[in-house]
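Visitor: Listed below, chain by chain, are the residues.
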Amino acid sequence: MRTVSVVTARLVGSLIDLNHPGHYVHWGFIQMSAANLVLIGLMVVVFVGAVLIPFRRHGGGDR
Amino acid sequence: MSIDTGTPVGAPTQPPDGVAADLPEDAGQWTAKLRRSAVTSLPPERLMPDRQPAYVASWIYVFGVLTVSALAVVIATGTVLAIMGPTWWHVSTTGLFVNSLHLWSVEVFFFTMIVHLWGKFFMAAWRGRRRATWITGVVSFVVSVGAAFTGYLSQQNFDSQWISTQAKDGINSTGAGAIFNVTNFGQMLMWHIVLLPLVVVVLVGVHVLLVRLRGVVPPFAPAEEHRTNPAGPSDGAESDSGGVSGADPVVVAGNGTSNGHVSTGHAPGREPA
Chain A
1 MRTVSVVTAR LVGSLIDLNH PGHYVHWGFI QMSAANLVLI GLMVVVFVGA VLIPFRRHGG
61 GDR
Chain B
64 MSIDTGTPVG APTQPPDGVA ADLPEDAGQW TAKLRRSAVT SLPPERLMPD RQPAYVASWI
124 YVFGVLTVSA LAVVIATGTV LAIMGPTWWH VSTTGLFVNS LHLWSVEVFF FTMIVHLWGK
184 FFMAAWRGRR RATWITGVVS FVVSVGAAFT GYLSQQNFDS QWISTQAKDG INSTGAGAIF
244 NVTNFGQMLM WHIVLLPLVV VVLVGVHVLL VRLRGVVPPF APAEEHRTNP AGPSDGAESD
304 SGGVSGADPV VVAGNGTSNG HVSTGHAPGR EPA
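Here the protein sequences line up with chains A and B, keeping their order.
In this text, residue positions in the first sequence follow my numbering: the first is 1, and each later residue adds one.
In this text, residue positions in the second sequence follow my numbering: the first is 64, and each later residue adds one.
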């Protein structure tokens, strides 16, 4: 069980290697970590999806 | 001591001994006034309704309750951390897990809160006497940032040292450093686990009560229908897309709650003045 955990952790770790200084992006005086930029992008995607994806109604009709 | 005099079934009965009756001579007491005011403003069917207006059937309306759910997990995991203490959350496997739950529930809390904020901003959710709802939401967001900030200062690791030493200059430049010292771990921990969570929970509670009191903000009326039929149909018709239609947008802006509620015929509505 412990071996499986170790192997799983190493596999995941090899996909996303966090053992280095963070990546940053710069626009003039604006500096932001790549992680935060990805998170903001995800929020935009979720927001657009929440607006556009139809909400399934239970039973339909009057609600 | 009351005696059973054979009161017919269904007839009004006296309250049992020790239970306050709604007697006329007590009507002036502050407890009676407060009770009447609370029940009038928020009757149980409004406080916990079974149905919502049709336009609430949209994913964008889900993020408010997701935020409250995440806050519940934040508070629950934070309570466990406070009970068990730093040695437990730094060393034991279970402690590390609960500590991670606390962090990631905060991440979910902010993620859903910001999507909720964007949604409400583009709906102009302060319409229809909902200014206080909007303001309590915004202030909750700002206080939550402070709560998260003091949480990062309370990690007891190099990250918290870095954040505190970076933040002190900014805080000191405002003059607030005299009473809010970000390098004082004990003070930051107290702000994080007592003062700010209390403020956030109270504000969110008031925010939710205001949502129940004023109703959920309806979407804007479709512009296309307004152009083709400026007068609109008679009353409260809704489009298939869930949007409120058939009313002048200005009227909808000030009277939106009634549109949705009248059309559903179930959800309790209040006519904003």
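In short, the hints are calculated from the structure, not lab data.
Do not rely on the hints blindly, as some may be mistaken.
Below, computed lysine to any residue pairings styled on SDA-like, alpha-carbon distance capped at 25 Å [claimed, not checked]:
1. B/K96 <-> B/Q115
2. B/K231 <-> A/F47
3. B/K231 <-> A/V44
4. B/K96 <-> B/V269
5. B/K231 <-> B/V208
6. B/K96 <-> B/L272
7. B/K231 <-> A/T3
8. B/K96 <-> B/R114
9. B/K231 <-> B/R190
10. B/K231 <-> A/N36
11. B/K231 <-> B/I256
12. B/K96 <-> B/L276
13. B/K231 <-> A/L11
14. B/K231 <-> A/L15
15. B/K231 <-> A/M32
16. B/K96 <-> B/A195
17. B/K231 <-> A/G41
18. B/K96 <-> B/V274
19. B/K231 <-> A/G22
20. B/K231 <-> A/S33
Visitor: For each hint, tell me whether it holds in the structure or not.
Guide: Checked hints:
Of the supplied pair hints, the one linking B/K96 and B/Q115 is violated, its CA atoms being roughly 30 Å apart against a limit of 25 Å. With a C-alpha separation of about 35 Å, the suggested pair B/K231 and A/F47 falls outside the 25 Å cut-off, and the hint is violated. Among the hinted pairs, B/K231 with A/V44 is inconsistent with the structure: their alpha-carbon atoms are about 32 Å apart, more than 25 Å. The suggested pairing of B/K96 with B/V269 holds, with an alpha-carbon distance near 20 Å, which does not exceed 25 Å.
Note on B/K231 and B/V208: the hinted pairing holds, with a Cα-Cα distance of about 16 Å set against a maximum of 25 Å. Of the pairs offered as hints, the one joining B/K96 and B/L272 holds, with about 19 Å between alpha carbons and a cut-off of 25 Å not exceeded. Straight-line distance between C-alpha atoms of B/K231 and A/T3 comes to about 45 Å, which puts the hinted pair past the 25 Å bound. Taking the CA atoms of B/K96 and B/R114, the gap is about 29 Å. The hint is violated against a cut of 25 Å.
Restraint check: the Cα-Cα separation between B/K231 and B/R190 comes to about 40 Å, which exceeds 25 Å; the hinted pair is violated. At most 25 Å may separate the alpha-carbon atoms for a hinted pair to count; B/K231 and A/N36 meet this at roughly 22 Å. Note on B/K231 and B/I256: the hinted pairing holds, with a Cα-Cα distance of about 20 Å set against a maximum of 25 Å. For the given pair, B/K96 sits about 18 Å from B/L276 by alpha-carbon distance, which is consistent with the 25 Å threshold.
Taken as a hint, the B/K231 and A/L11 pair is broken in the structure, with Cα atoms around 39 Å apart against an allowance of 25 Å. Of the pairs offered as hints, the one joining B/K231 and A/L15 is violated, with about 36 Å between alpha carbons and a cut-off of 25 Å exceeded. For the given pair, B/K231 sits about 20 Å from A/M32 by alpha-carbon distance, which is consistent with the 25 Å threshold. For the proposed pair B/K96 and B/A195, the alpha carbon gap of about 23 Å is at most 25 Å, so the pair holds.
For the suggested pair B/K231 and A/G41, the alpha carbons sit about 30 Å apart, so the restraint of at most 25 Å is broken. For the given pair, B/K96 sits about 23 Å from B/V274 by alpha-carbon distance, which is consistent with the 25 Å threshold. Distance check on the hinted pair: B/K231 and A/G22 sit about 22 Å apart at the alpha-carbon level, within 25 Å; holds. Between B/K231 and A/S33, the direct Cα distance comes to roughly 21 Å. Compliance with the 25 Å bound is thereby established for this hinted pair.
Checked against the numbered hints above, the structure violates hints 1, 2, 3, 7, 8, 9, 13, 14 and 17; every other hint is satisfied.
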